[in-house]
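Engineer: Residue strings, one per chain:
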Amino acid sequence: MDKPIRINVNGKAIEATVEPRLLLVHFLREVAGLTGAHVGCETTVCGACTVLLEGRAVKSCTMFAVQADGKQVTTIEGLARNGELHPVQEAFWNEHGLQCGFCTPGMILTSVQILTDQPDLGRDEIRHGLEGNLCRCTGYMHIVNAVRAAAKKMAATA
Amino acid sequence: MATTTTTKVQTLTGQRVRRREDPRLITGTATYVDDVKMPGMLYAAILRSPHAAARIRSLNVEAAAKSPGVHAVFIGADIEGVGPVPCAAAVPGLRVPKHTILATHRVYFVGHPVAVVVATDRYKAADALDLIEVDYEDLPAVADPEKALERGAPAVHPEWPDNIAFTQQTEYGDPKKAFAEAGVVVRQRIVSQRLIPTAMETRGVVAEWRAGEKQLTLYSSTQIPHLMRTQVALMLGIAENRLRVIAPEVGGGFGSKLNVYAEEALMGFVAMRVNKPIKWIESRRENFQATIHGRGHVDYVELAATKDGVITGMKIKIIQDLGAYHQLLGPLIPTLSVLMLPGIYNFHNAEAQIVGVFTNAVPTDAYRGAGRPEATHCIERMVDILAAEIKMDPAEIRFKNFPGKDAFPFQTATGLFYDSGDYAKPLERALEIVDYTTARSQQRKARSEGRRQGIGICTYGEICALGPSPATPAGGWESATVRIEPTAKVTVMTGASPHGQGQETSFAQLAADAFGVSMDDVVVLHGDTAVVQYGIGTFGSRATAVGGTAVYLALQDLRTKCGRFAAHMMGVAAEDVSFEGGVFSSPKTSKTVQFGEVALEAHICRNLPPGLEPGLVATRFFEPSNFAFPFGAHIAQVEVDGETGEVKILRYVAVDDCGKVINPLLVDGQVHGGVAQGLGQALFEEAVYDEYGQLVTGELMSYAVPKAIHVPEIECDRTETPSPVNPLGAKGVGEAGTIGCSPAIVNAVVDALSPLGIRHLDMPMTPQRVWRAIAERSQA
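Those sequence lines, one after another, are chains A and B. Every number in the numbering used here is 23 more than the matching position in the first sequence, counting from 1. Every number in the numbering used here is 1146 more than the matching position in the second sequence, counting from 1.
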């Protein structure tokens, strides 16, 4: 019943034979050893488990690992390149866009996706774009500041 | 000996320094409890009661025990002798039900733990849970505190059929006279509904028993590692110094992790029994069912005043929904509400009654603000109701009732001494920011166009920097050890246990300033009982004012000791040494010695000064002489959609006074987050139990935590009134936003609906509730 799968995680192929019911988030955390994606609700509400699947933000707590077979996944651990933080990571740091940090990996990856889709987002659009990610600490304002700051930096270097 | 010239170094204290915690958090490399992995580790899952009240007729775990991958199953009978779950609230006459680790013959709330399964992975543990057979005899339950007080209500605990856990009656001044002589008396029933704290990281425990060393280590997502160690050692019956508690990265707490839960002792017990490391991670559903809730007040409030708006007295009856058991502090929370009832107003007659009520629900305990949001909501609503009654502007009536800025320390009606304050100042500032006069004329214009706009003011005071030890159940001090390493690196060990607040940064700012070193040379350690001397923890907005002061004092001790080493090295008297920018100098001789040279000499001791011990370690315990009392003014401007009942926030201004600020960036963050939680209570959140005691809002799909689109842009400003209680002048800011926000929003919505004759609405003011209120009034 177990199924062999191969998922490309952060540019590296990871092969394993898994139970079909294994959630993608548990594959990433337990099999791939990448604990940046967090489990906050198991019901696709909080977004702490968000990863990029083929460049699109998905909630890895309500998707099976077998559904990602043969696909590319980017987790928070794969966002920085050559030791250099992604502009969104840097902006969350600069703007105090996080406190306890538990929602942060998901929040950053969703931000990356919404900025990829539409680089010049207004504050309200950012808030709508982040609807699928809950934060209980920051009140979101510094997060919105961070996404705006990242957008500016990405536009300047594009 | 170097002879470099000293350069004036800019201090870091008071600056918007970005956090040092963040690099690990933004790269996914931080270690939360669920990220801890150990060889041979097993996973635990807990079977919980689906009933609010039931007798357990029988329990069969045979099939579960044989399920693939299962190592062990334990039920209540296996763990007798461990526990009970502690309650530290010394409320006179308190009825304390025996709170066992696992239920034995009876369950008292949905989520009550009944059995634990240990298996090789979490999936197999969950599979086995389904194989446990429990024969429950369903019993009548009651989850509404007022219904629980009715004659004939089901008894939560059969030995106490009235469901009353305790009552407390207090009187201050002469309330009878105040009410008899009052020109105006206003009355209102006010509900502060049950809330679910909802830290984004649920609770979790990893327990490791090293049989050979007789050492148990618990990784737990907690705000109070040291208090937990003491309590769990007692629960397990092991020596406290054979238990190490580590709070690793903690994903938010808000009071929900200021507790000692059954599961912490349970996992310790299981690890010792199966002799393997055990991991238990709470699911969100478990978190909602079995981690404490907050608030849960029904208040009957009366306010007495003169006809021209001078408040003269207050009466309150608080019905506190305590749930089925007492967790660590539960019954104390409404007593904090009583203390803070007078808010920041100058009246001295009050009468307060608390009725603590058992219900078939998870216990309530400290949730962000813990007793003060409830009190503030009452007084701030009542002040607005009074203002409406005598047709006075809500800002004017507040100015009229503030004690003057020269009245401090100000003794309140309930016997507290407010440390320092200038209450008019933040309100003046907030009114200026919103341009109050213009805002009111715009409101009139909007009304004439048929739009329902409102302006809500809340001027709050709050009690924090908890606190003097006699006023707290487990010590109100905080400790710090500072160690200067031979290489002049500075290590700070704090008894505070930050979990998002950022003290790794703000305490490093203090340390870097004290020795003129870079923040990169400072490491702040916390949350490990094997590393930190002892500590109380992070809650009650105390980490900076109390914990930071302990750090400050230890730094000062080491400055003095370093000065004595430096004096000896320069061959001058200690009183002739000055220190700036990392350089000790003696102006008389123009000799200098670097901080780094002193650090080395203090360890290698080539020439130890007479009477001085080697080494540079200082430990200080700071016991505050009083609480600190922050205050502020929040103003909300809202528009209510008459068709849908939806509340739109047009503007939100928060002017807070939290005393001296070490890092304004972090303070802004605390205010924003606090406001969002206050907003959640005002508009969205409510833990709903139905008539059978089922938790209807049992998942994040049904419990409405505010999203980014719900929280407005928050305009922050501050006034600064230093606290005389500690040398940092800090008061605390962790809960202020929550306390200030809910009343501001509710006052604004009620103001918007006041032309309809509405003078109160209970929270959460959901579109349905607001729409219904409008519809009822419009028909009438």
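Hints in this document: simulated from the structure, not taken from any laboratory. Where a beta carbon is used, it is the ideal one built from N, C-alpha and C, also for glycine. Possibly wrong hints are sitting among the right ones.
As the list claims (entries may be wrong) - Only part of the chain A face toward chain B is listed, based on derived beta-carbon distances under 10 Å:
1. Glu38
2. Thr40
3. Val62
4. Phe87
5. Gly101
6. Asn105
7. Gln122
8. Leu157
9. Arg159
10. Ala178
11. Ala179
12. Ala181
Said to hold, decoys possible - With a cut-off of at most 30 Å between alpha-carbon atoms, the simulated DSS-like pairs for lysine-lysine come out as follows:
13. B:Lys1635 with B:Lys1571
14. A:Lys35 with B:Lys1270
15. B:Lys1537 with B:Lys1737
16. B:Lys1422 with B:Lys1453
17. A:Lys94 with B:Lys1270
18. B:Lys1794 with A:Lys175
19. B:Lys1463 with B:Lys1322
20. A:Lys94 with B:Lys1183
21. B:Lys1270 with A:Lys175
22. B:Lys1546 with A:Lys35
23. B:Lys1591 with B:Lys1546
24. B:Lys1537 with B:Lys1453
25. B:Lys1212 with A:Lys26
26. B:Lys1546 with A:Lys26
27. B:Lys1591 with B:Lys1270
28. B:Lys1551 with B:Lys1635
29. A:Lys26 with B:Lys1270
30. B:Lys1183 with A:Lys176
Claimed, not checked - Estimated spans, in silico, between C-beta atoms of each pair:
31. B:Thr1177 with A:Arg44: 21 to 29 Å
32. B:Glu1208 with A:Thr67: 52 to 60 Å
33. B:Asp1284 with A:Arg146: 47 to 55 Å
34. B:Leu1758 with A:Lys35: 52 to 60 Å
35. A:Gly145 with B:Met1184: 45 to 53 Å
Engineer: For each hint, tell me whether it holds in the structure or not.
Structural biologist: We went through each hint and held it up to the structure:
A distance limit of 10 Å between C-beta atoms decides the matter here; for Glu38 of chain A the minimum to chain B is near 19 Å, and the interface restraint is violated. About 14 Å separates the beta-carbon of Thr40 of chain A from the nearest beta-carbon of chain B, more than 10 Å, and the hint is not met. The restraint placing Val62 of chain A at the interface with chain B holds, with a minimum CB-CB distance near 7 Å, inside the 10 Å limit. Because the closest C-beta pair between Phe87 of chain A and chain B is about 12 Å apart, greater than 10 Å, the hint is violated.
With its C-beta approaching chain B no nearer than about 9 Å, Gly101 of chain A sits inside the 10 Å limit, and its interface hint holds. Restraint check, Asn105 of chain A versus chain B: the minimum CB separation of about 13 Å is more than 10 Å; hint violated. Here the hint on Gln122 of chain A is kept, as its CB sits about 4 Å from the closest CB of chain B, short of 10 Å. Satisfaction of the interface hint for Leu157 of chain A is found here, the shortest Cβ-Cβ separation to chain B being roughly 5 Å, below the 10 Å cut-off.
For Arg159 of chain A, the suggested interface contact is upheld, since its CB lies about 5 Å from the closest CB of chain B, less than 10 Å. Among the interface hints, the one on Ala178 of chain A is violated; its C-beta lies about 21 Å from the nearest C-beta in chain B, farther than the 10 Å criterion. Hint on Ala179 of chain A is violated. Least Cβ distance to chain B is approximately 20 Å, over the 10 Å limit. A least Cβ separation of about 22 Å between Ala181 of chain A and chain B goes past the 10 Å threshold, and the interface hint is therefore violated.
Of the supplied pair hints, the one linking Lys1635 of chain B and Lys1571 of chain B is violated, its CA atoms being roughly 42 Å apart against a limit of 30 Å. The straight-line distance between the Cα atoms of Lys35 of chain A and Lys1270 of chain B is roughly 29 Å, inside the 30 Å bound, and the hint therefore holds. Note on Lys1537 of chain B and Lys1737 of chain B: the hinted pairing is violated, with a Cα-Cα distance of about 72 Å set against a maximum of 30 Å. The suggested pairing of Lys1422 of chain B with Lys1453 of chain B is violated, with an alpha-carbon distance near 71 Å, which exceeds 30 Å.
Only pairs whose Cα atoms come within 30 Å are accepted, and Lys94 of chain A paired with Lys1270 of chain B is accepted, the gap being roughly 27 Å. Between the alpha carbons of Lys1794 of chain B and Lys175 of chain A the distance comes to roughly 29 Å, so the proposed pair stays at or under 30 Å and holds. For the given pair, Lys1463 of chain B sits about 15 Å from Lys1322 of chain B by alpha-carbon distance, which is consistent with the 30 Å threshold. Proximity of Lys94 of chain A to Lys1183 of chain B is assessed by CA-CA distance (about 27 Å); at most 30 Å being required, the pair is judged to hold.
Only pairs whose Cα atoms come within 30 Å are accepted, and Lys1270 of chain B paired with Lys175 of chain A is rejected, the gap being roughly 48 Å. Simply put, Lys1546 of chain B and Lys35 of chain A have alpha-carbon atoms about 68 Å apart, too far for the 30 Å limit, and the pair is violated. Of the supplied pair hints, the one linking Lys1591 of chain B and Lys1546 of chain B holds, its CA atoms being roughly 28 Å apart against a limit of 30 Å. In summary, the hint linking Lys1537 of chain B to Lys1453 of chain B is supported, as the alpha carbons are separated by about 10 Å, within the 30 Å threshold.
The hinted pair formed by Lys1212 of chain B and Lys26 of chain A meets the criterion: a straight-line CA distance of about 25 Å does not exceed 30 Å. Between the alpha carbons of Lys1546 of chain B and Lys26 of chain A the distance comes to roughly 74 Å, so the proposed pair goes past 30 Å and is violated. With a C-alpha separation of about 65 Å, the suggested pair Lys1591 of chain B and Lys1270 of chain B falls outside the 30 Å cut-off, and the hint is violated. In summary, the hint linking Lys1551 of chain B to Lys1635 of chain B is not supported, as the alpha carbons are separated by about 44 Å, beyond the 30 Å threshold.
For the suggested pair Lys26 of chain A and Lys1270 of chain B, the alpha carbons sit about 18 Å apart, so the restraint of at most 30 Å is met. Using a Cα cut-off of 30 Å, the hinted pair Lys1183 of chain B and Lys176 of chain A is violated, with the two alpha carbons roughly 38 Å apart. For the pair Thr1177 of chain B and Arg44 of chain A, the beta carbons lie near 27 Å from each other, so the given range of 21 to 29 Å is met. Judged by the Cβ atoms, the range 52 to 60 Å given for Glu1208 of chain B and Thr67 of chain A is violated: they are separated by roughly 36 Å.
A hinted range of 47 to 55 Å holds for the C-beta pair Asp1284 of chain B and Arg146 of chain A, which are about 51 Å apart. Distance hint check: the CB atoms of Leu1758 of chain B and Lys35 of chain A are about 56 Å apart, consistent with the given range 52 to 60 Å. For Gly145 of chain A and Met1184 of chain B, the Cβ-Cβ distance of about 47 Å falls inside the hinted range of 45 to 53 Å, so the restraint holds.
Of the numbered hints listed earlier, those contradicted by the structure are 1, 2, 4, 6, 10, 11, 12, 13, 15, 16, 21, 22, 26, 27, 28, 30, 32.
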